[in-house]
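As they're listed, the protein sequences go chains Y and H.
Once you know that position 219 of the first sequence is 219 in this note's numbering, the rest is easy, because the numbers rise by one and skip nothing.
Once you know that position 94 of the second sequence is 1094 in this note's numbering, the rest is easy, because the numbers rise by one and skip nothing.
The hints are simulated quantities; they were obtained by calculation from the structure and are not laboratory data.
C-beta atoms are modelled at their ideal positions from N, C-alpha and C, and glycine is treated no differently.
Just so you know, nobody snuck in bad clues.
Ranges between beta-carbon positions, derived for each pair:
hint: 1; chain 1: H; residue 1: Thr1109; chain 2: Y; residue 2: Ala202; range: 27 to 37 angstroms
hint: 2; chain 1: Y; residue 1: Val22; chain 2: H; residue 2: Asp1057; range: 36 to 46 angstroms
hint: 3; chain 1: Y; residue 1: Asn173; chain 2: H; residue 2: Asp1057; range: 25 to 35 angstroms
hint: 4; chain 1: Y; residue 1: Pro287; chain 2: H; residue 2: Gly1049; range: 36 to 46 angstroms
hint: 5; chain 1: H; residue 1: Arg1110; chain 2: Y; residue 2: Gly214; range: 31 to 41 angstroms
hint: 6; chain 1: H; residue 1: Ala1281; chain 2: Y; residue 2: Glu357; range: 26 to 36 angstroms
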Amino acid sequence: MSTLERDPLEQVQVLDEDGNVVGEEPDLSEEKLVEMYRQMRLARHFDKRAVSLQRQGRMGTYPPLSGQEGAQIGSAHALDDEDWLFPSYREHGAAVVRGLPLKQTLLYWMGHEDGNKVAEDVNVFPVAVPIATQILHATGAAWASRLKGDEKAFLTYFGDGATSEGDFHEGLNFAGVFDAPAVFFCNNNQWAISVPRERQTASETLAQKAVAYGFEGVQVDGMDPLAVYKVTREAVEKAKNPDEGELRPTLIEAVQYRFGAHTTADDPTVYRDDDEVERWKQKDPIPRLESYLRDREILDDERVEEIQASVEAEVADAIEAAESVPRPEPEEMFEHTFAELPPHLREQYEEFAALRERHGDSAFLED
Amino acid sequence: MADAQQTQNLTLVQSVRDGLYTEMHNDDEVIVLGEDVGKNGGVFRATEGLYDEFGEDRVIDTPLAESGIVGCSVGMAAYGLKPVPEIQFSGFMYPAFDQIVSHVGRLRTRSRGRFTCPMVIRAPYGGGIRAPEHHSESKEAFYAHEPGLKVVIPSTPYDTKGLLISAIRDPDPVIFLEPKLIYRAFRGDVPEDDYEVPIGEAAVRREGEDVTVVTWGAMTRPTMEAAENLAEEGVECEVIDLRTISPIDKETIVESFEKTGRAAVVHEAPKKGGIGGEITAMLQEEALLYQEAPVKRITGFDVPFPLYALEDYYLPSPTRVEEGIRETVEF
Ligand SMILES: Cc1ncc(C[n+]2csc(CCOP(=O)(O)OP(=O)(O)O)c2C)c(N)n1
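Chain Y with its partners taken away, still in its complex shape:
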């Protein structure tokens, strides 16, 4: 029998907009709940600072996540240590949960390749900018792990827009056919830059697309961190240990909203109403979880302030650490193209190094 056993048209919720319990709560310790709350605030504050750094010219184009903290933190917590995560480019919050330091995320968006250098014991794939391409990587890794006889789950994030790409369909189709332990987590934030969800597909929900591939789809309130945790946890467990006759993959559609622009290069006022943003702000995942925790006397004013202060300090430290990393050396461009530097690249590098030696950096750098 199916673990999820849900109609993809039914939206799972645990907390309503005011943080009242309306569904079955997942089994999470107080400690875990506070950690999730703290990480959501961390992601929110990080986001605010990152946008501001971009505005000040201290960082390149940046994709904001505010509004999506519940989906990111809730789902990432549902993974076990040995599981894998295949992000798109907006999962700065989920990355924190998986142990990727904020400094790395900052470095990446500051244009340093090293931001993508994930520690050996952290199972996170690099950021994927071409839309939907990571979906196949997750499927492939999941499939490989089954062939090797592991018991792990592979979660991949993508947007509503990504469900239009061929890679989405191919990824889900392979996962169904080869029964790969993959969890497809769609951050349906309503917009793919200026194109609304209704313009991506004529399907009533995105979750229902799973039916076509032979496995389960579930729609969840993506701004309800507890509901997200719950459905993702069930999907992860099913990926590792399905019931008789049940397929391992799951498609989760987390219905949510990004409050800010698509990226700092985008101006959403051209295509979206302020009313709409305000409406979605009522569903903000942070006050929702906070109110739930206060009701249970897990949080009070003092603790909340303490958390906010510590979050601000942590982000400030990460920014300082990232900004004090010197510009990488041009040599690094050449070093990582192949396992061994081929002669033609060595030659290109040496020719360039000689020129740089002769003329100094100012002859090459714009700023």
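Got chain Y sorted already, so can you dock chain H with the ligand onto it with the hints?
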């Protein structure tokens, strides 16, 4: 009429928009489709206002699917429309690559002329704007290598409008790559009326006796800067802006080379398998006996285009261009 034409002072990206606007007015069959091209007017504003002017049936926001955009354009073109699909960044053209090389470039051949694919696939390309990963590549050689495709890269606002109109009127498919580094770097006079700049003709941007320097797109600027610097030392470069990468204007290049006996090619794409190699081979075949020095390729490196902390090192700078040309001249 002999009257001076009305002109506007436009940036390169405004000239793209003006070209689209003009040709959509001239021809009801021209339609624009792609990601965010409608209400949003394109992420670079290249289609700004077209949606309001021509409506949602001619300026179409599609689902996020490049293979869908180009593949449907094949059917639309075969059925009598003239689609001008926009791919948001050339680095995201690869989902459509299958359609482009399997069908766009060969439908005429495969159907022995019964079906054709007159479309213009537009995409901003190239680096230098501190963009994220996969937003800076220049892979014009992929498309130039493909029979049945024309590849156009403008470098001035005037050429942009004229070449785009020619491309839309062309009976064959054209890949129209727009150097986004110079989308807004400067303005130029652009006639209000329609006019064509012929596909397949290079422009000589600077005349000189000593060395032929071939370039295109955003690299024309560092190349011209290098040429001016070299002129102060008495080296006169003839700078050719190719404008069309395929078919290449052999005549202009060879003629110039026969005069100078020396050549350099400047492009920001990687060196290996790039158009620089094509031009070098062409000079070998056509004008070997005029050659007085090896042809120098001044290019991006054979590495994936780096994130922006290193992109200034990657792109050929005026200093690199200057040194490269000097090497040829001093050989
Ligand atoms: C293959 C490809 N095409 C186009 C783009 C340009 N682009 C970047 S993000 C984006 C919209 C993505 O929307 P969605 O998948 O819903 O994810 P979101 O950013 O909303 O999380 C587009 C069109 C890209 N990165 N990759």
